[in-house]
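Chains as they are written, first to last, in this note's numbering: chain A, 1339 to 1607; chain B, 54 to 277.
None of these hints come from the bench; they were simulated from the model. A couple of the hints might just be wrong.
Claimed, not checked - Heads up, incomplete: computed chain A residues facing chain B, CB under 8 Å, no partners named:
{"no.": "1", "residue": "P1390"}
{"no.": "2", "residue": "E1392"}
{"no.": "3", "residue": "R1415"}
{"no.": "4", "residue": "T1541"}
{"no.": "5", "residue": "A1587"}
Note that the structure is a prediction, hence the values are computed from the model and not measured. We put the CB at the ideal spot given by N, CA and C, even for glycine.
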Amino acid sequence: MKCTSWIACIVFASALTAAPGDVPSAKPAVPAGMVAIPAGAFAPLFRAASDPKEIPVAAFLLDAHPVTNGDYLEFVRANPKWCRSQVKRLFADAQYLTAWAGDLELGRVHSNAPVTQVSWFAARAFAVWKGKRLPTLAEWEYAGGATSTRTNGIDPELDRRIRAWYSMPSPSVLPPVGREPANVHGVHDLHGLIWEWVEDFSTSMVTGDARGDTGLDRQLFCGTGADGAKDRGDYAAFMRYGFRSSLKASYTVHNLGFRCARSLDPEDS
Amino acid sequence: MNPGTMMAGSVHWRLRSLIALAMASALACAALAADQPPCCNKEIAPAAPLSDRSLYQLESSWTNDAGGAVRLGSLRGRPQVVSMFFASCQFTCPVLVNDMKRIESALPENLRTNIGFVLVTFDAERDTPGALAAFRKLHGLPANWTLLRAGPADILELSALLGVKYKKDVRGQFAHSNVITVLDAGGEIAVQIPGLNRDPAEAVRAIRAAFQRTTAFAPSSTIN
Chain A
1339 MKCTSWIACI VFASALTAAP GDVPSAKPAV PAGMVAIPAG AFAPLFRAAS DPKEIPVAAF
1399 LLDAHPVTNG DYLEFVRANP KWCRSQVKRL FADAQYLTAW AGDLELGRVH SNAPVTQVSW
1459 FAARAFAVWK GKRLPTLAEW EYAGGATSTR TNGIDPELDR RIRAWYSMPS PSVLPPVGRE
1519 PANVHGVHDL HGLIWEWVED FSTSMVTGDA RGDTGLDRQL FCGTGADGAK DRGDYAAFMR
1579 YGFRSSLKAS YTVHNLGFRC ARSLDPEDS
Chain B
54 MNPGTMMAGS VHWRLRSLIA LAMASALACA ALAADQPPCC NKEIAPAAPL SDRSLYQLES
114 SWTNDAGGAV RLGSLRGRPQ VVSMFFASCQ FTCPVLVNDM KRIESALPEN LRTNIGFVLV
174 TFDAERDTPG ALAAFRKLHG LPANWTLLRA GPADILELSA LLGVKYKKDV RGQFAHSNVI
234 TVLDAGGEIA VQIPGLNRDP AEAVRAIRAA FQRTTAFAPS STIN
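Assemble the whole structure, with the sequences as input and the hints as a guide.
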């Protein structure tokens, strides 16, 4: 079943990228390591009463796995300004890549484990270097709403697994990516391994403490925040939104990594 | 060929050379103008290398309300009072601009003539140079105010450094936090003042302090 939906996704993605009069052999293939996520709709956790309940998400490409230490090492080799010893504090805090043995040495971290301790600026720089970008929050949540059998909706079993993951500290040495089965789109490790950067992480809870803020989302995270939320039972989503809103772009966290996305329409990239 | 024709020929050649030289100079000036600081931005500090904390390390390309290409680094050399806005903002942005004007008025003259004000739009799509120019006219912003736009990814990047959060809604309006940032002459954040209708005194203090640091390197110091 997974195989046929993979084929369906590729055909769908190809159909979207073909223009009238195209020679069939000129259709762009899905890049290695990425999967095509079909268009759909995503119900944001928080929204103002006047906002629509669902946001359309255009079809897009998403990395099947988080970016690994091995991937990131290639990037740093090609872009020395992103070496641990050379990076500017403005763009990454003092914990940047401290789990690595050296500027260009992984040491005890697995090459195939997700890279963490990278800031939003660093993640974006990697994505640009690869000709990609970070996924938007809507894209990530939409893809992350899919389980191994369903494209959306709360799966109580998945929710239980995620909560179990949240209840334990992350291992000091992260395991390789791809050990858990993929979801129905063919994407691995959206849950249960690391937190992940998204392009517009800062839109989680736009309203801050300052009275001068204009925010559509006036609810605070605790207590009254739940009243305006799509699903008060989706504890995992609350955790993600809360975590994202605690981040600043230069922060690095030992269990925060990322994966890349790419628009299907090249003009949108 | 008679001497008259030869003379006319050589004059013609010289004229052509002169025109070519003038055109080349004009082109060179235009190219340089892209990196020229905005109006009135004579440097008051020597061009020391940018520090690790300078926002002017960003390499993004910006456009001002005259349609000119601007690098953020061209703002260096004097403190800048920076905020983010969008031209069709009806409620808080006019208050924010007014707060910045109050800071400007509160400064003594020798400081006022040596700083700049910068407004960066969230609205990559609708705030074209023309829209920004209309905004400048509407609010009577003088030449030492710089209005900037860029692509969405570059705006997001700068906002991340300024700590400004914003979100576009379905109607194309932006919900956003309000922060006025004072950058020193080297582009480092000197102070950030969140919220609206704030007393300009804090910003004035920060600008004064930023000047003390700057003029410590300048040969003549008449800033008090």
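Checked hints:
no.: 1; hint: P1390; in the structure: holds, 6 Å
no.: 2; hint: E1392; in the structure: violated, 11 Å
no.: 3; hint: R1415; in the structure: violated, 21 Å
no.: 4; hint: T1541; in the structure: holds, 4 Å
no.: 5; hint: A1587; in the structure: holds, 4 Å
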